[in-house]
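Protein chains: 2
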Amino acid sequence: MNYTQSNGLPEYITLSEYLFHRLKQLNIETIFGLPGAFNTALIDKLYTVLNLRWAGNTNELNAAYATDGYSRLKGLGCLVTTFGVGELSAVNGIAGSYAEHVGILHVVGMPPTSAQTKQLLLHHTLGNGDYNVYSRMASEITANTRLISDTELCAEHVDQSICTAWIQQKPVYLGIPINLNDTPVESKKLNYALNIQAPTNNPVVENEVIEQILNKIYKAKNPVIISDACVTRHRLIKQTQEFCERTKFPVFATPMSKGSIDESLMSFGGVFMGSISSPDVREVVDFADVLIVIGCLLSDFNTSSFHFAYKTKDNVLIYPTCVKLKNSTYPDLYIESLMKALLFALDESRITYTATHPQRMIVPRSELPNRHSLRQEWIWNQISHWFREGDIIITETGTSSFGINQTKFPHGSSGISQPLWGSVGYSLGACLGASFALQELKLNQLNPFPSRVILFVGDGAFQLTVQELSTIIRWGLTPYIFILNNQGYSVDRFLHHRSNASYYDIQSWDYLRLLPTFGATSYETKKVVTVGDFLQMIHDPGFSKDDKIRLLEIMLPPMDVPQALMDKWLTEQETKKRTGSESDISTPSSQISIKRIKPENLMLADNDI
Amino acid sequence: MNYTQSNGLPEYITLSEYLFHRLKQLNIETIFGLPGAFNTALIDKLYTVLNLRWAGNTNELNAAYATDGYSRLKGLGCLVTTFGVGELSAVNGIAGSYAEHVGILHVVGMPPTSAQTKQLLLHHTLGNGDYNVYSRMASEITANTRLISDTELCAEHVDQSICTAWIQQKPVYLGIPINLNDTPVESKKLNYALNIQAPTNNPVVENEVIEQILNKIYKAKNPVIISDACVTRHRLIKQTQEFCERTKFPVFATPMSKGSIDESLMSFGGVFMGSISSPDVREVVDFADVLIVIGCLLSDFNTSSFHFAYKTKDNVLIYPTCVKLKNSTYPDLYIESLMKALLFALDESRITYTATHPQRMIVPRSELPNRHSLRQEWIWNQISHWFREGDIIITETGTSSFGINQTKFPHGSSGISQPLWGSVGYSLGACLGASFALQELKLNQLNPFPSRVILFVGDGAFQLTVQELSTIIRWGLTPYIFILNNQGYSVDRFLHHRSNASYYDIQSWDYLRLLPTFGATSYETKKVVTVGDFLQMIHDPGFSKDDKIRLLEIMLPPMDVPQALMDKWLTEQETKKRTGSESDISTPSSQISIKRIKPENLMLADNDI
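These protein sequence lines are chains X and D, in that order.
FYI, full-length UniProt numbering numbers position 193 of the first sequence as 193, with every residue one higher than the one before it.
FYI, full-length UniProt numbering numbers position 432 of the second sequence as 432, with every residue one higher than the one before it.
Don't read these hints as lab results, they were simulated from the structure.
No residue lacks a Cβ here, since even glycine has one placed at the ideal position from N, Cα and C.
Just so you know, not all the hints are guaranteed correct.
If the Cβ cut is set under 7 Å, some of the chain D residues that face chain X in the computed set are [unchecked claim]:
{"hint": "1", "residue": "Leu26"}
{"hint": "2", "residue": "Pro35"}
{"hint": "3", "residue": "Thr58"}
{"hint": "4", "residue": "Asn92"}
{"hint": "5", "residue": "His123"}
{"hint": "6", "residue": "Gln463"}
{"hint": "7", "residue": "Tyr503"}
{"hint": "8", "residue": "Gln507"}
{"hint": "9", "residue": "Thr517"}
{"hint": "10", "residue": "Gly519"}
{"hint": "11", "residue": "Tyr523"}
{"hint": "12", "residue": "Trp569"}
Only chain X is shown next, with the shape it has when bound in the complex (with noise of 0.2 Å):
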């Protein structure tokens, strides 16, 4: 029986109902957004397709964050938002959708056509008549800008424009006028697959390529595999396992795609995160004699806190479209059927390299008294051991995006952050939508681990998207929320070398009355102070089962910072010694109080409890 016949449809439904039917194909369950007078009857058609619901959010930036969460792990997200004051709402969640390669499909109610037409200074517009402002802005962030206009091909513009954002995992803007939407379609045009395959590559130049590749994996001495963000983003995860396991060479992932690949395999490195990586890793990546990055996202990429780029210069970089070697570029290669061109002609037997897994990654089980005030070197460390098979763990632009790569991610589980396009207050959004898709697949019974959502967030960037808390609590949804309290924008405060620029202050809030004052009724919330409280808490049964929201506030001092940017910092520091120029940071005491901090001065501290 086929989609039409198995919905009931009629022969004919409107254009609404053939857009979310189409998203719903594609496992599509949750549409994000807010509604306004131009996508109200937009939104109406979504309740006649069968399970899929309208998360209501409680604002535009909001809603496209957790369309960006829902994507990462459903492949694509779909934003509903009103002209102008709606779509404006959600351009920097779309932009950072882009600059990350993330599939979202933003669609925009519009105003009636022959408003546009006639030029009517209608609300929402900037009383100049002109109705294209908004998607010649949208056009700088999006892979496809379409405006639909044309009653007889809108179906196939709508399938063409999902289709684009789920293969090129970017975001595609679709506005639709309201007079246009109960536009009749064809119902049986849904029995129609849609074209959601990326194209073939050449097979001259794709063995070609292949070729190179191989030649240069065989002769290897020192090879070393990156799994880098489209990994995940073009499904890629199984593919690149593969290729690992039967090379045996050691596999690293970056701050972008931590989560990518498996890091129970023996040959799994770490993270390498360019100039502050941890020694080992650094060793491995920089001395290469052959590096091959798949999925390649960005080769080169400066943050105010590190500068990634790969050294060596045998490099093969496979990025979603095209591959590059050395200094050459092939373009026009889809990297999912190079993959499987490259899995199906790799010999192994043919590898000279002899594994060592000299690199396996560690997590230490520090030591610290129970009466121990927290420290992030300890937290991330310990949090490794509570993670669980399956989990998705997202962390914010601060602080925990550095943490994070201390941890070690048990089998299956995923990760999710922002780190190139650094939004902050993001990842509070992206849980909404990660919760709403994990629910999803355990119901589809398409997710095989007890997974749980898991966040860490800083309290500063807390504050930024703290609304979407309550969309959380209305779907009854269960993440974990860990609040690192440590009183402001720290990450700033440490890297900018300014600790005591009030304009890093933040309100101080009651964390704990969140939960019930967005009206939650089944909940936990914590406040930890100590290293007991700490261990009590993981170490409770009844904690670790995600029956319920929790919202767990970690105290933390406010210059204190994970291992890796304390390492950025104390060399820079060293420098500036070394050559004469003062140290950034202003005053004796704030010196002191992060000196106090280094790990290996850890046990020495004062307790100051």
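Given the coordinates of chain X, work out where chain D should sit on it, guided by the hints.
Showing chain D alone in chain X's frame:
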């Protein structure tokens, strides 16, 4: 003593300092925004200027709304964000200021020029090396977009950006690369006043127009003046007031300009809202023989709720930079100069119109028993009597933006709302900005009234930007926040006639807990359920003194709306009944609940407490 001497400035200061001194010279004393990697070196310099403060908002969209609210009282607001993530989060706020004619200087801290030239892949970029994407987007919604690059002329460029925003009352984008923050600027440049005078007009053209306007004025039998939004934006309140007093013509406000004209004037007739104006107002405005619109923003405007257009054919539309007489347009006529010349040339002895003041606005004190539950119609009539001279009254896009038009503002009060752009959630941010502005005006003894800041916001809208309460608390500001709790997006639910659409529902919050949760220590909260509760509250003299922040939760039925909306709906239903089409309201029970609150039936309604 000149500015440089009186502020003890050295011969050279940095560009950042120069910028902030220039803003201070225009009485800008609060800078809005959030810190980020590319703007903190800039923000650091703000602290070198006496009496300049950094608001420290909770997110960029809220900060943009706050800047807008501040600018509406002080003539200009300054927002500082960081490259990419920061500026893009503010886009919807900036677009709103553009649509509504509000002067904003949007300063964006950018990556160093060297990174831009080398197309380095930095965080907050799209990963394509294009550093101009965001400023291109900004150019669609700003009067001017400038990236500082010339170290010789940078001071002049800063001046031009500030003056453009001030004169045009539109947002201006000013990007400053981080390496140019400290560009040395001769401090003596500060001794030359900024050229913020609007250009003078060609006297020949100006005289021709004024002669024609005066002819119309002298001959008019049923003239009407509309004081529109640009009267406040372009600082013409005094001139408009004088024009009204000398002509004695009936004067009306629009929803965008309520508060721009003194409502205690004998000739003030209320608010013209196009199709949903009260019959008395429509009769006078629609049948005027000469209609003079001062500070015209739009002469024609549609929202989902009403159509607004001037029917009179003999219009004098005075826009900020042009005049339209009937069908002819006179470009390049600046309103400031024109109004001055008009007032100079006006000879009131030649006016033939005789004032009758038939339409003077009267606010009824409707009576309801104390134990009756609250109704919008009753509240909006009552609240007029509680308003005080100089109050700043802010309303959200929603039921309150309609209700407010049936209130009467006392002498010296101002109104803030966003009827054209209509971005839900705007009002709480604007409330923060207005509270800062009022505090400064009072401290500088520029405000002769015992003004307070009073916000009316629906529960749905409030959720979008709730965290900005935290900034209000942090600064000890003391607005009144009336939350009209009607369980969701009532105005949409009503206007789109879908009383049962679940996407208009929102999560139920415990609003009274918000202030302490966000760290307030001195505050008052109250849930106001009955007429008696409300009367007791507004008659308590202690309550009327704005000595602390107050959050009042006003409990209202979900489908209760102000009179203006009700009228429109009833008319539509009547038309449909006559033409035989079905009622849009889907369930009989919701029809009943709406009918029950028709004002004339109010006393007959069940007492539903």
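Hints, verified against the model:
1. Leu26: violated, 22 Å
2. Pro35: holds, 5 Å
3. Thr58: holds, 5 Å
4. Asn92: Holds - the Cβ of D:Asn92 comes within 7 Å of chain X, reaching about 4 Å at its closest.
5. His123: holds, 4 Å
6. Gln463: holds, 5 Å
7. Tyr503: At about 5 Å, which falls below the 7 Å cut-off, the nearest Cβ of chain X leaves the hint on D:Tyr503 intact, so it holds.
8. Gln507: holds, 4 Å
9. Thr517: holds, 4 Å
10. Gly519: holds, 5 Å
11. Tyr523: violated, 13 Å
12. Trp569: violated, 15 Å
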